[in-house]
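Residue numbers (the working numbering), protein chains in the order written: chain U, 3 to 294; chain F, 157 to 462.
Hints may contain errors.
[Said to hold, decoys possible] To give a feel for the contact side, a few chain F residues facing chain U, derived at Cβ under 8 angstroms:
| no. | residue |
| --- | --- |
| 1 | M157 |
| 2 | I169 |
| 3 | I171 |
| 4 | K236 |
| 5 | P238 |
| 6 | G239 |
| 7 | V329 |
| 8 | F402 |
| 9 | V403 |
| 10 | Y436 |
| 11 | L441 |
[What the hints assert, rightly or not] According to the in silico footprint, chain F covers these stretches of chain U (three or more CB under 8 angstroms from chain F):
| no. | segment |
| --- | --- |
| 12 | 76-83 |
| 13 | 135-144 |
| 14 | 192-201 |
| 15 | 232-245 |
| 16 | 267-281 |
Hint data in this document are derived by calculation from the structure and do not stem from the laboratory. Quick reminder that beta carbons are idealized off the backbone N, C-alpha and C, glycines included.
Chain by chain, the residues:
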Amino acid sequence: MADTRDMLSAPSLSPRAQAWGRLRRNKAAVAGAVGVCVLMAACFLGGFLWPQDPAAQELSNALSSPSLSHPLGTDALGRDMLARVLQGGRVSFAVGLLGTAVSLVIGVFYGMFSGWRGGRTDALMMRLIDIAYALPFTLFVMLLMVVFGRQFWLIFVAIGAVQWLTMARIVRGETLALKQRSFVEASRVLGQNGRGIFKKHLLPNLAGTIAIYATLTVPTVMLLEAFLSFLGLGVQAPLTSWGDLIKDGAVLMEEAPWLLIFPSLAFSLTLLGLNFLGDGLRDALDPRRGEK
Amino acid sequence: MARLIFRRLLEAIPILWIVATLAFLLARAAPGGPFDRESPLPPEVKAAVEAHYGLDKPLIEQYGAFLKNLATANLGPSYKYPGWSVQELIADKFPVSLELGLWALVVALIVGLGAGLLAASRPNSPRDHGAMGLAVVGICLPTFVLAPLLLWVFAIKLGWFNAMGYASGADIVLPALTLGLYFGAFIARLTRGSMLEVRNQDFMRTARAKGAGFSRAYLLHATRNALGSVVSYLGPTVAGLLTGSFVVETVFQIPGLGRFFVSAALDRDYPMVLGTVVFYAALILLCNLLADLALAWLNPRLRKNG
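One chain only, chain U, in its complex shape:
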């Protein structure tokens, strides 16, 4: 139905512009995008808007409930919770984005290479992915944290290194399909080398798919980081993340429920927004799927 309307009102729009239009009409996706942008902006610019030191302890004022001077209350050491939640959000978003970037690079190159080579290389590389799917990767990430200590860079590298499988599979499928298209063949006949085809034809045509799955990977990565931090295997003090704050809040929820509620709320709203945005992007860029 939406497609008919597109064709009647704007017959000359490019597929990309049509997708953009479909995305903007999806209220949930727009709300999700706006919400996540607001939260991210608050976390990264929070230091300017709310200039309290998240590490400053005020023991006389420990576990005080939300008030004007501390809108989200204070924790067991009298630290301002608003500043802590903003700081934790910075770490959570940073891990989410960096981890996604790591998984993106591995997944896209693995998938493109596999699809482009085809034949036995492809069969072997996809078999490896099948095997990798059966490995308990979360346990390996936990093991890595135990063995090498809880370093910030290790967290997103380790998470990114285990989250690329689906991306590789999807990119490989798209590459296989693109390879058969006449414009790629023409480019090859005209003497373009493999690298040029990658850059000129494959990457631009894969960009939409990559954007969808990157958006859907960010919440997965953030979830895994929060899970690790909740168990005490994630980021280390003085850094904090939403998972780490939820862990502390769960211990003290009887005396100070705000320690649990605010970080949980921030984290759940972020997941909600990212999921809405990811679903909306998928429906917008792949209308056949959306129509089902």
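Using the hints provided, position chain F relative to the given structure of chain U.
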């Protein structure tokens, strides 16, 4: 069918070997041994302890011994609990986790299938939007958010359940709900999607044309075909239940293997961690096999090609 089982079991061996080797190498790559404490042991005591556990031998010899023991399901002694072997500890703790996991699976299937079927029975109706809205909320409440929240509301504020411990039957309710609802939300979305796909297919029209009423066609013919995607999702669900059990058992203080694994990891009890990782990997493979068998049972076309 027998071929499928045989092939899967044969495939499981190299996968388990990869898991065991990776885990072994990781544990041995650790800077600082398991007996480095804050107050250091006298060097001769430490040497004697390490010799007792074979840690003074070359790496390749340790690896050989590890694999040999693994093949006979001997996972070695625990460092943290002297006198206990790892397999004894797993046998002691796992039944609790299994019970919790099964109840969580029951919750996930009832909630997921129920909400999914309800939503798909009338797409884009208020009931569809309501069920799917709830499912989205469920997906945004991972176990480590939901567990403390349920505990706070139902145990502390309302006092309906015990906040801690695992003694009476009612103590399983909150943990099983925490674990189950999250996966129920995923299953609900999956069920709805595949039901909508199936409902327009030819055999549905045939069933209706031959006189099957809406509910018969819907529940019997469509559901059986739509269940496939849910069953394929059970493998990842089990893996997720395992990691979820780490959180739930920690929050609700349940003496299961999940909580034990986390504390073993924090204590650097490497044989325990290694053994549990291999055990979990085997468990996931077994559940994938069971899911494949269920899939073959649901879809006769898969049985032939195995």
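Violations among the numbered hints: 1, 2, 4, 5, 6, 7, 12, 14
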